[in-house]
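Chains as they are written, first to last, in UniProt numbering: chain W, 1 to 246; chain R, 1 to 334.
These are computed hints drawn from the structure, not numbers from a lab.
Here a beta-carbon is modelled for each residue, glycine too, at the ideal position from N, C-alpha and C.
You may find that some hints are simply not true.
[Stated by the list, open to error] In silico lysine-lysine, BS3-like type, Cα no more than 30 Å apart, as pairs: (1) W:Lys-173 / R:Lys-243; (2) R:Lys-168 / W:Lys-173; (3) R:Lys-294 / R:Lys-168; (4) W:Lys-179 / R:Lys-143; (5) W:Lys-179 / R:Lys-294; (6) R:Lys-294 / W:Lys-225; (7) R:Lys-4 / R:Lys-168.
[Claimed, not checked] Examples of chain W residues toward chain R, derived with CB under 8 Å: (8) Ser-57; (9) Phe-68; (10) Met-75.
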Amino acid sequence: MNEQLGCFETGIPIEIYGLSEKSVTITFGTAIDNDLLGLITDFNQLLLQNPFSGLISTVPAYTTLTVFFDPLSVMLSDLPGEVCFEKVSAHLNKIAQIKREKSKVIADNVVIPVCYDDDFGWDLSIVARTNKLTETEVIDIHTAGEYVVFMIGFVPGFAYMGGMDTRLSTPRKEVPNAKIPAGSVGIAGNQTGIYPMETPGGWQVIGRTPLKMFNVTRSQPSLLKGGDLVTFKAIGIDEFNACAEL
Amino acid sequence: MSMKISIIKPGLLSTVQDLGRYRYLSQAVPVSGAMDELAHRLANKAVGNDDNDATIEFTYADASFKAETDILVAYSGDGAFLFYNDQVMPAEKPLFFPAGSVIKLIHNAIGVRTYLAIAGGWDVPDVMESKSTYLTADFGGFKGRILQKADVLIGGTTISEASQEILKELIHRSLTYPNWRISRESLLPEKRQNIRVVLGNEIGWFDAASIISFLTNSYTVDRRSNRMGYHLSGKPLVRKVKKELLSTAVTPGIIQVTGSGDLIILMADCQTTGGYPRIAHVAAVDLPLCAQLKPGNTIHFSEISSDEAEELFLEREQDLSLITTAISLKYIKT
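Using the sequences and the hints given, assemble the complete structure.
Structure, rendered in structure tokens:
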């Protein structure tokens with residue numbers, strides 16, 4: 001790669017390290033940032049459109065993109081290099097020099113209905129108290145914002161979303177809950193997220209969505225993907241029960 | 001006609017697994033799959049299957065099943081021995097049992113997990129391109145759950161030419177098994193408590209004494225160990241860099257260091273992303289050894305380079321493909 005031009009001529013250099021015999025990770029930066037998310041999303045799309053022989057799948061995260069491959073196919077490929085790391089790196093550095101296109105997969109705008117009743121949002125009072133707000137103000141601020149999905153991680157379909165109004169920032173619980181119900185909407189630090197299935201968890205739970213965030217029968221099982229834009233819409237308990245997806 | 005078994009006693013934790021689910025990692029769907037890929041693959045090879053065909057992963061022994069039809073199976077692993085007609089059946093060999101046979105899994109002190117392959121592979125639906133069970137989200141494998149008493153499992157209807165020929169030979173000669181077997185021992189290192197590792201990206205976050213300690217002290221597998229990962233007890237590691245690691249992709253074999261300095265080896269059902277610094281990863285060829293560790297076992301780590309780890313991996317794959325070739329040559333006329 002031309003060091004000065006950086007990835008896609010943005011001036012941002014990429015660094016690659018080996019994660020295992022079957023994977024390498026590309027580091028694009030060091031902090032959570034919307035521009036970096038765009039860069040990673042575009043790089044991911046370009047790589048998937050221009051795969052190397054042996055590419056299996058990719059995992060975007062806050063500042064990284066991890067690339068999984070079959071070492072046997074990579075070694076048989078004519079990419080330059082003696083070992084898989086060199087061969088895969090050579091391809092990734094080539095991708096970084098392609099003229100950047102707008103992502104073919106356009107980020108979706110997704111509206112998520114949430115019931116903020118006390119029965120579901122049992123930590124609403126903690127978020128309110130921490131930030132010296134009323135519970136209604138917490139709901140108003142949470143539904144007013146637009147959130148960006150940085151990555152899917154933790155459990156299938158769990159979206160880490162940034163862009164939350166800092167007036168709602170609340171640290172995660174010191175002792176995690178043993179069971180957080182599927183659909184629970186939570187806050188941790190300056191992020192918001194939704195538990196797709198019942199798991200233990202340490203986020204402050206402020207409500208619940210009736211939507212199924214992860215469903216193996218869909219072609220894209222996870223409702224959300226990296227880069228999507230999300231807004232929340234407050235609904236009452238009747239409407240929650242009517243959307244009987246769960 | 002499909003081969004069929006029914007579960008008499010399911011054992012502690014029995015699930016259907018293949019070589020895992022790699023195409024949905026970006027949606028945080030874990031790899032899952034057989035913990036001991038080597039034993040899983042050898043069981044498959046011994047019955048003439050593809051390596052990725054589904055097997056049953058048994059945890060420890062105390063399980064039994066009945067052949068509802070004539071069956072051609074093979075097993076491999078260290079959690080149990082197959083026991084039939086008052087005899088221990090040899091591992092890594094095709095085994096023919098007539099309809100009505102009752103087969104038990106009896107205690108093997110060495111390890112934890114045993115894989116049972118059937119000719120044609122266990123026939124369960126593909127979920128996201130894999131037959132592996134992921135219990136946390138109740139999908140994959142046999143109805144997304146652990147096997148229970150009275151479950152009936154069937155083998156795939158498409159049986160390879162090698163499987164057909166093995167079956168013919170055993171029936172024709174009234175044998176339970178042939179005189180050949182795959183040598184699993186020759187693929188495993190002698191010192192099984194020595195786990196080779198490649199140092200990780202955050203190695204520089206630890207002080208020198210901790211790195212030396214990691215590579216010289218021994219660690220004990222503690223009770224908090226399951227298909228997601230193994231907690232190790234031993235001397236806690238000290239970090240010199242206190243910054244937070246932003247969550248990034250992790251994969252089975254990675255050794256994370258928690259906030260209190262304890263080690264966790266990530267295993268098959270591990271999360272797809274994690275925020276703990278990675279001090280090392282277990283060489284892919286030694287991960288099957290980890291899959292057989294049980295609470296109380298002691299291990300130590302020795303460092304190899306990433307190039308060595310890759311070379312060992314490629315050699316292992318070469319050896320494994322030679323096994324398949326040898327079985328094909330024996331049974332398939334060309």
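Which hint numbers doesn't this structure obey? When the structure is compared with the hints, numbers 2, 3, 6 turn out to be violated.
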